[in-house]
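Undergrad: Top line first, the protein sequences correspond to chains H and A. If you read the first sequence in the working numbering, its first letter stands for residue 1, the second for the next number, and so on. If you read the second sequence in the working numbering, its first letter stands for residue 1001, the second for the next number, and so on.
Just so you know, the hints here were simulated from the structure itself, not pulled from any lab data. Hints are supplied without guarantee of correctness; some may be wrong.
With a straight-line cut-off of 30 Å between C-alpha atoms, the simulated DSSO-like cross-links for lysine-lysine are [what the hints assert, rightly or not]:
#	chain 1	residue 1	chain 2	residue 2
1	A	K1003	H	K77
2	A	K1280	A	K1189
3	A	K1011	H	K77
4	A	K1226	H	K321
5	A	K1226	H	K3
Here's a subset of chain A near chain H, in silico, CB distances under 10 Å, partners left out [stated by the list, open to error]:
#	residue
6	M1001
7	A1014
8	D1230
9	K1233
10	S1237
11	V1246
12	M1250
13	K1309
Listed next, the stretches of chain A that the computed footprint assigns to chain H, with coverage defined by at least 3 CB atoms under 8 Å from CB atoms of chain H [claimed, not checked]:
#	region
14	1028-1034
15	1054-1066
16	1090-1102
A quick note: this is a predicted structure, and the numbers were derived from the prediction, not measured. Ideal Cβ placement from N, Cα and C applies to all residues, glycine included.
2 protein chains.
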Amino acid sequence: MSKFANGKINKLDAYVPGEQPKDKKYIKLNTNESPYPPSPLAVKYACDELESVRLYPDPDCTNLINAIAKTVNVSPKNVIVSNGSDEVLNFAFIAYADENNPAIFPDITYGFYKVFAGVNGVPFEEIALKDDFSIDINEYLDKNGVIFIANPNAPTGLEISLEDIELLLKSNPDRVVVIDEAYVDFGGKSAISLIDKYDNLLVTQTFSKSRSMAGARLGFGVASEKIIEDLNKVKYSTNPYNVNRVTAVMGIGALEDNKYFENNISSIIESREYTQNELKKLGFTCTNSKTNFVFAKSDKISGEELYLKLKENGILVRHFKKDRISNYVRVSIGSFEEMQAFIGAVRKILGE
Amino acid sequence: MSKFANGKINKLDAYVPGEQPKDKKYIKLNTNESPYPPSPLAVKYACDELESVRLYPDPDCTNLINAIAKTVNVSPKNVIVSNGSDEVLNFAFIAYADENNPAIFPDITYGFYKVFAGVNGVPFEEIALKDDFSIDINEYLDKNGVIFIANPNAPTGLEISLEDIELLLKSNPDRVVVIDEAYVDFGGKSAISLIDKYDNLLVTQTFSKSRSMAGARLGFGVASEKIIEDLNKVKYSTNPYNVNRVTAVMGIGALEDNKYFENNISSIIESREYTQNELKKLGFTCTNSKTNFVFAKSDKISGEELYLKLKENGILVRHFKKDRISNYVRVSIGSFEEMQAFIGAVRKILGE
Chain H
1 MSKFANGKIN KLDAYVPGEQ PKDKKYIKLN TNESPYPPSP LAVKYACDEL ESVRLYPDPD
61 CTNLINAIAK TVNVSPKNVI VSNGSDEVLN FAFIAYADEN NPAIFPDITY GFYKVFAGVN
121 GVPFEEIALK DDFSIDINEY LDKNGVIFIA NPNAPTGLEI SLEDIELLLK SNPDRVVVID
181 EAYVDFGGKS AISLIDKYDN LLVTQTFSKS RSMAGARLGF GVASEKIIED LNKVKYSTNP
241 YNVNRVTAVM GIGALEDNKY FENNISSIIE SREYTQNELK KLGFTCTNSK TNFVFAKSDK
301 ISGEELYLKL KENGILVRHF KKDRISNYVR VSIGSFEEMQ AFIGAVRKIL GE
Chain A
1001 MSKFANGKIN KLDAYVPGEQ PKDKKYIKLN TNESPYPPSP LAVKYACDEL ESVRLYPDPD
1061 CTNLINAIAK TVNVSPKNVI VSNGSDEVLN FAFIAYADEN NPAIFPDITY GFYKVFAGVN
1121 GVPFEEIALK DDFSIDINEY LDKNGVIFIA NPNAPTGLEI SLEDIELLLK SNPDRVVVID
1181 EAYVDFGGKS AISLIDKYDN LLVTQTFSKS RSMAGARLGF GVASEKIIED LNKVKYSTNP
1241 YNVNRVTAVM GIGALEDNKY FENNISSIIE SREYTQNELK KLGFTCTNSK TNFVFAKSDK
1301 ISGEELYLKL KENGILVRHF KKDRISNYVR VSIGSFEEMQ AFIGAVRKIL GE
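Extracted from the complex, chain H is given alone in its bound form:
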């Protein structure tokens, strides 16, 4: 830190992305990317757009927003697009959290919520998951502040029901509830269907996982018109051109090519079920993941040791040095062949 940094910056604990080692070629199952390339239509639209990059993007992202609105069946006025869904999550912190409205989220969840609280200088409260990693919604009902729930949750992979989300929304209509659906396409149920009924609901999704566009940075939020207005005010006060031209047209291509999307989802779910079954055969406990990763532990090897031995064997998974989950590894679902290689490596490491 420099001597110039203000107090907020000195205290910051920045987010640590999954490692990207460059020493050798790994089977990369550590950052929940898709094993499949973006849709050929997205790639075609991108190529066609490159000459136009001399011009600023449309700050309103009209075409992309129309395409998203059509896909999730809402009005374009209910949609904002962002530079990854992280950005719209941060906009929600900026717009709704303050010293009297702490951010509230589970103790085990996406690590960035805590970081957003820090960088925005707002308080936060973590509510412990139950022993089985499920969320007890009753613990949230009387909390004041802004609630952030990843559904399905990460890294546990577990979902909560729309009934629970409705309970939360109804219990305090003056409180914003953010449902982060980064993984919803892999088997969860979206809360977008509730936005007409609850004006305090913001749902966020991303093109990073199910649409194979992690490297393009595209996310979006769906909410009541008033919430979208707030978030747009933040967008136009920080980064009006937050979605670049190439990413915008790739997003449109990815949405138009629905068949490609659905095929990829099916393959990933199939590989996930294969992976979980094989792990269980090897004595692992797995959560009931509705995502593109599995979260698993074994009594025969610690999470850290398994992570390290897999790395030695050329396979990267994610391990969190955090109480209650330090015995687990999170394994992103790659191609079927990659998951076979992963299971083979686990078998070898366990000596089975």
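Once you've looked at the hints, dock chain A against the given chain H.
TA: Showing chain A alone in chain H's frame:
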């Protein structure tokens, strides 16, 4: 606004980007874009990268940072890249401004500084330009806070000398000075040469104008290692993957293709001089612009009327409804043919 928004958001006056009307095809001289497409090498690298978009970008942007460092002749440790230079400017607000350290900038300058102060909830002070629109550096020497100077300044097009910038840096070594060099490639002198001498200097530049990449969103900051550490802490706390994969490789291509860059700069400067000369022949007063725009006024027609009549004639320029400059129009430099068309339209409007 929703009823949920906090006090900061309610007070926000968001930035208003230059208009992008879709009713007909305009000669677009209103947002300081390049008339030339991005370098063919940048386009080639982008096409080659599209399949890899399924993977997250390198958060450290190592290859791009190395290329920038080489180009501006500093160590990679002195460079941060950002989603447009707006983002690194905002990072500086987040890291250095607070209630005791207001942001300080000229009363006529890039409109976003004031917006960044608002969204970060920090105070700001505007210091009046002299009547000839030049900056009186003496007025800044004893100010406490964080100083933001666009050099060359927008929309005036005027530059201040590196000697003045050194005065500012020396007068208070405990104060960060940000020099925003969005337009420096068109004839200004960069302060990057001073970063080894002054650890309180941050210089920002962009690929939007001189490198024809406004639609790709790429900017960067150059400063002492400690300042870069601060800004990276903010980056990793808001948007670790702020530069997407396609933009990163386009940036590298644009830097490698230096000949293309230099040719474009020469053409734009030539067209700027042509435009200023022709305007002067028509009785206009022009500032001594070192940028890719001219800033001009005429006694024969108000700035607003000229803007409106040009728009009727299919030419978009920028007019600011702001005291002291409301008689001016800001005209981005397009291709030579576009500038001939612009001069022709002005001649027609003035009846000459």
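Undergrad: Would you mind marking each hint as holding or not holding in the structure?
TA: Structure-based check of each hint:
no., hint, in the structure
1, K1003(A) - K77(H), "17 Å, holds"
2, K1280(A) - K1189(A), "26 Å, holds"
3, K1011(A) - K77(H), "22 Å, holds"
4, K1226(A) - K321(H), "29 Å, holds"
5, K1226(A) - K3(H), "8 Å, holds"
6, M1001, "6 Å, holds"
7, A1014, "4 Å, holds"
8, D1230, "5 Å, holds"
9, K1233, "5 Å, holds"
10, S1237, "4 Å, holds"
11, V1246, "5 Å, holds"
12, M1250, "7 Å, holds"
13, K1309, "24 Å, violated"
14, 1028-1034, "holds (count 4)"
15, 1054-1066, "holds (count 6)"
16, 1090-1102, "holds (count 7)"
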